[in-house]
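Put together the whole structure using the sequences plus the hints.
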Amino acid sequence: MSAVTAGSTAETAAGAVAGPARTRLVARCGPLSLLAVSFLSIVASLFVDDWRTGAVALGVQLSLAPFAVSGLRAAALRLLPVCIAALSVAWSTWLLGEGGPQRLEVAVTAALRIVVLVLPGALLVSWIDPSRLGDHLAQRLHLPARAVVAAAAALQRFESLHETWDSLARARRARGLGPGRSPAGRVRFFAGMAFGMLVGALRSAERMAVAMDARGFADCSRRTWAEPAPWTRADSALVAVGALVAAVPVCVTLWLR
Amino acid sequence: MPDTSTPLTGGATVRVRGLTWHPHGAATPVLADLDLDVEAGERVLLAGPSGAGKSTLLRALAGLLGASDGGDPDDGQLAGEVLLDGRPATGGGAGLLLQDPLDAVVAATAGRDTAFGPENLALPRPRIAERVAAALAAVSFPYGPARSTAELSGGELQRLALAGALALHPRLLLLDEPTSMLDTATAAKVRDALLASVGERTLVVVDHHLGTWVPVVDRVVVLDRTGAVVASGPPGPVLGRDADSLARDGIWVPGLPAPEALAVPADLVGPCHAPPTGEAALRGRGLGVVRRRRGLRPAPPARVLTGVDVDVRAGALTALTGPSGAGKSTLVAVLAGLLRPSEGDLVPAAGFARGAGPRPWRWSSPELAARVGWVPQHPEHGFVARTAREEVRATPEVLGQGERGRRRADALLELVGLSARADVEPHLLSGGEQRRLVLAAALAAGPALVAADEPTVGQDRGTWAVVAGALRGAAGAGAAVVVASHDEVLVDRASHRLRLEAGRAVAPDAPPDARVVGQGVRP
Numbered sequence: 072m073s074a075v076t077a078g079s080t081a082e083t084a085a086g087a088v089a090g091p092a093r094t095r096l097v098a099r100c101g102p103l104s105l106l107a108v109s110f111l112s113i114v115a116s117l118f119v120d121d122w123r124t125g126a127v128a129l130g131v132q133l134s135l136a137p138f139a140v141s142g143l144r145a146a147a148l149r150l151l152p153v154c155i156a157a158l159s160v161a162w163s164t165w166l167l168g169e170g171g172p173q174r175l176e177v178a179v180t181a182a183l184r185i186v187v188l189v190l191p192g193a194l195l196v197s198w199i200d201p202s203r204l205g206d207h208l209a210q211r212l213h214l215p216a217r218a219v220v221a222a223a224a225a226l227q228r229f230e231s232l233h234e235t236w237d238s239l240a241r242a243r244r245a246r247g248l249g250p251g252r253s254p255a256g257r258v259r260f261f262a263g264m265a266f267g268m269l270v271g272a273l274r275s276a277e278r279m280a281v282a283m284d285a286r287g288f289a290d291c292s293r294r295t296w297a298e299p300a301p302w303t304r305a306d307s308a309l310v311a312v313g314a315l316v317a318a319v320p321v322c323v324t325l326w327l328r
Numbered sequence: 098m099p100d101t102s103t104p105l106t107g108g109a110t111v112r113v114r115g116l117t118w119h120p121h122g123a124a125t126p127v128l129a130d131l132d133l134d135v136e137a138g139e140r141v142l143l144a145g146p147s148g149a150g151k152s153t154l155l156r157a158l159a160g161l162l163g164a165s166d167g168g169d170p171d172d173g174q175l176a177g178e179v180l181l182d183g184r185p186a187t188g189g190g191a192g193l194l195l196q197d198p199l200d201a202v203v204a205a206t207a208g209r210d211t212a213f214g215p216e217n218l219a220l221p222r223p224r225i226a227e228r229v230a231a232a233l234a235a236v237s238f239p240y241g242p243a244r245s246t247a248e249l250s251g252g253e254l255q256r257l258a259l260a261g262a263l264a265l266h267p268r269l270l271l272l273d274e275p276t277s278m279l280d281t282a283t284a285a286k287v288r289d290a291l292l293a294s295v296g297e298r299t300l301v302v303v304d305h306h307l308g309t310w311v312p313v314v315d316r317v318v319v320l321d322r323t324g325a326v327v328a329s330g331p332p333g334p335v336l337g338r339d340a341d342s343l344a345r346d347g348i349w350v351p352g353l354p355a356p357e358a359l360a361v362p363a364d365l366v367g368p369c370h371a372p373p374t375g376e377a378a379l380r381g382r383g384l385g386v387v388r389r390r391r392g393l394r395p396a397p398p399a400r401v402l403t404g405v406d407v408d409v410r411a412g413a414l415t416a417l418t419g420p421s422g423a424g425k426s427t428l429v430a431v432l433a434g435l436l437r438p439s440e441g442d443l444v445p446a447a448g449f450a451r452g453a454g455p456r457p458w459r460w461s462s463p464e465l466a467a468r469v470g471w472v473p474q475h476p477e478h479g480f481v482a483r484t485a486r487e488e489v490r491a492t493p494e495v496l497g498q499g500e501r502g503r504r505r506a507d508a509l510l511e512l513v514g515l516s517a518r519a520d521v522e523p524h525l526l527s528g529g530e531q532r533r534l535v536l537a538a539a540l541a542a543g544p545a546l547v548a549a550d551e552p553t554v555g556q557d558r559g560t561w562a563v564v565a566g567a568l569r570g571a572a573g574a575g576a577a578v579v580v581a582s583h584d585e586v587l588v589d590r591a592s593h594r595l596r597l598e599a600g601r602a603v604a605p606d607a608p609p610d611a612r613v614v615g616q617g618v619r620p
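Those sequence lines, one after another, are chains L and P.
Counting from 1, position 47 in the first sequence corresponds to residue 118 in my numbering; the numbering is continuous, with no gaps.
Counting from 1, position 315 in the second sequence corresponds to residue 412 in my numbering; the numbering is continuous, with no gaps.
Please note that the accuracy of each hint is not assured.
What the hints assert, rightly or not - Rough simulated footprint, nothing fancy, chain L against chain P, three-plus residues with beta-carbon under 8 Å:
(1) 150-161
(2) 201-207
(3) 259-273
(4) 450-463
(5) 479-489
As the list claims (entries may be wrong) - If you only want the chain L side, here are some residues facing chain P, beta carbon under 10 Å, derived:
(6) 202
(7) 205
(8) 240
(9) 260
(10) 270
(11) 273
(12) 275
(13) 278
(14) 284
(15) 294
(16) 297
(17) 299
By construction, these hints were calculated from the structure, which means they are not laboratory data.
Beta carbons are placed, not taken as given, at the ideal position from N, Cα and C, and that holds for glycine.
Right, dumping it as structure tokens:
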């Protein structure tokens with residue numbers, strides 16, 4: 072860690088005491104290993120051909136999930152869309168499937184495949200820090216600096232989106248343009264809100280661009296990075312664990328054959 | 098290793114010749130054939146009425162205007178030249194501080210944010226670290242560089258923005274109303290940090306609060322509404338000689354008495370229905386708000402309001418005061434029926450609710466709109482229409498007020514001085530104009546409760562009188578008006594006051610102690 076984020080000597084000392092010994096593996100990993108493990112699950116999902124393989128693969132993933140969960144509420148919110156996706160896939164597969172006893176099995180397998188594909192990414196992405204992602208994308212993968220900086224800045228603003236949404240919704244309600252009870256009214260409301268969010272995002276991007284250009288962003292042809300983007304042993308360890316987890320359905324498939 | 102890439106001392110000379118800026122879609126240029134010279138190390142205060150092009154001039158000096166500097170050529174037409182030390186101005190050549198510090202945040206931590214300029218200068222890593230440490234120390238930043246920018250208050254953010262500017266080692270510092278979003282005490286601290294860090298740099302500052310800068314600048318340059326220089330010279334003589342004409346032009350000249358609120362006809366701003374004057378239209382008891390924070394990463398819930406008792410009386414102007422972050426905006430949102438209190442009771446009088454039920458936050462949107470007018474703190478989030486005229490007409494239209502509503506809306510647009518800009522998109526108006534527009538829109542349907550959040554920010558003397566007059570006029574006509582404000586002149590006009598600190602009500606009607614700080618004419 073360089074001086075830019077290390078802070079005062081007192082803070083550095085406290086970091087050294089409370090740091091690596093207590094923080095979990097995922098918290099010490101850089102963004103690239105977290106992304107890599109998320110992508111490894113694509114391989115895993117390709118080998119989920121029957122419900123037994125899927126169940127074993129999911130069981131292994133779930134047994135490791137506590138190590139990647141930062142809070143129960145947040146994790147539940149993240150997993151909700153995953154569950155909805157899995158259930159809808161299972162249901163449509165069951166509806167469209169051929170008759171017979173295998174119809175349910177096929178549907179369950181389809182659902183398991185989706186969960187095995189998405190679960191690691193859904194949990195690990197919350198550990199990615201926007202600025203570190205920028206550092207690593209630019210310095211390790213050598214992506215264009217301007218695009219990376221703009222994307223990292225935009226991600227950092229992402230958290231203020233819901234506040235903008237709240238303000239817009241309040242303003243519309245106060246002005247008599249709230250959603251109302253009719254479906255048509257709701258559609259109109261959300262269309263107006265979406266437009267408002269778009270305008271708001273553009274205006275905010277414009278103001279941010281002024282601030283960035285005032286600090287020399289527009290005219291820099293080459294830039295440096297305040298923080299290094301090291302690949303640490305934690306990263307290697309995470310990728311190794313991720314590879315083992317992804318290998319589970321592959322091994323089960325080979326063994327069942 | 099010492100950083101020697103740019104000399105730390107000395108200021109830039111500024112030379113502006115024939116600068117003309119004509120934004121696309123505007124009828125007249127914002128700046129017309131402007132000449133300006135600033136000596137090295139000189140400190141200049143740029144004054145002028147709302148919309149005179151002061152901010153535009155600062156952007157030109159910062160190298161952010163026009164195609165040659167990476168700006169979008171479709172934005173408008175640029176002519177003339179802007180030279181810093183004899184070279185055309187480019188982005189990063191000067192340190193620029195903007196009105197809203199939130200706009201300047203580009204990174205998640207204070208250290209990374211400050212490092213942004215040095216990174217763009219392609220400095221090696223150790224030099225960046227040196228500059229970041231020095232810049233944060235120069236502004237007395239109270240936390241370490243690892244501090245998350247999301248957790249900083251307005252004053253801390255503005256100091257961080259200053260650190261970000263100083264890290265560029267600029268020879269010219271440009272300040273665009275750097276303290277207008279801050280309360281008096283915080284503004285004084287930020288100003289001290291600014292002055293301590295100016296050193297020998299050239300300084301150009303834009304501020305409506307002339308009084309606070311007059312003692313520290315060498316020269317005042319006054320622009321008029323057409324964007325031309327009408328006066329220039331040492332502050333004493335310029336402001337003494339032209340005080341009255343400057344005041345007529347809307348400039349807050351120090352030493353002059355505060356303007357009178359404009360007398361506004363009651364039928365223009367008054368309520369359609371209102372409870373009897375003097376009765377509490379809304380009675381809040383033990384109001385508390387706990388806010389759950391959402392986002393990519395979960396954060397613990399934050400308590401923003403605790404046990405607040407408040408009566409909002411019909412026919413009165415109630416002012417909510419207190420430092421930034423005290424919970425004023427939250428209380429305004431609760432009183433306006435836009436936020437459900439987590440604790441306590443909020444009871445509307447029968448003459449105010451008129452059958453809409455005992456819980457304002459559960460009123461339907463039209464029920465709320467017919468009773469409450471809300472002026473949000475950030476007007477750009479309050480717009481619902483494509484033009485200024487439609488914006489003011491929107492609520493009367495939804496409520497079926499017909500021709501009468503349209504006439505009242507158009508008259509309100511004229512009152513706030515925007516009828517000439519009626520067809521302009523609300524987002525393209527200046528900050529002060531946007532605020533007046535949302536005020537007109539809030540009053541258009543004749544609400545019995547007007548809840549306004551910082552309605553006078555960015556107003557010159559003339560438009561201030563209109564805003565204060567509209568609020569006073571509404572109260573005079575029987576509406577219950579509640580205003581959250583840092584503006585002491587407006588607070589002085591209130592009949593009732595409630596001071597909040599850290600989410601709690603303290604000593605109602607006591608004079609705010611912050612008044613001792615900062616002796617400006619304006620807060």
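Structure-based check of each hint:
1. 150-161: holds (count 4)
2. 201-207: holds (count 6)
3. 259-273: Coverage by chain L holds here, the residue count being 3 at a Cβ distance below 8 Å.
4. 450-463: Held - the segment 450-463 of chain P has 3 residues with a Cβ nearer than 8 Å to chain L, which meets the minimum of three.
5. 479-489: holds (count 3)
6. 202: This hint holds: residue 202 of chain L lies near chain P, its Cβ roughly 5 Å from the closest one there, short of 10 Å.
7. 205: Holds - the Cβ of residue 205 of chain L comes within 10 Å of chain P, reaching about 9 Å at its closest.
8. 240: holds (9 Å)
9. 260: Given a least distance of 9 Å, the restraint on residue 260 of chain L holds.
10. 270: Nearest chain P Cβ about 6 Å off; hint holds.
11. 273: Since chain P brings a Cβ to about 9 Å from residue 273 of chain L, closer than 10 Å, the hint holds.
12. 275: OK, holds: residue 275 of chain L within 10 Å of chain P, min 8 Å.
13. 278: holds (4 Å)
14. 284: holds (4 Å)
15. 294: Residue 294 of chain L check passes; min Cβ-Cβ to chain P is 5 Å, inside 10 Å.
16. 297: OK, holds: residue 297 of chain L within 10 Å of chain P, min 4 Å.
17. 299: holds (7 Å)
Hint compliance for this structure: no hint is broken.
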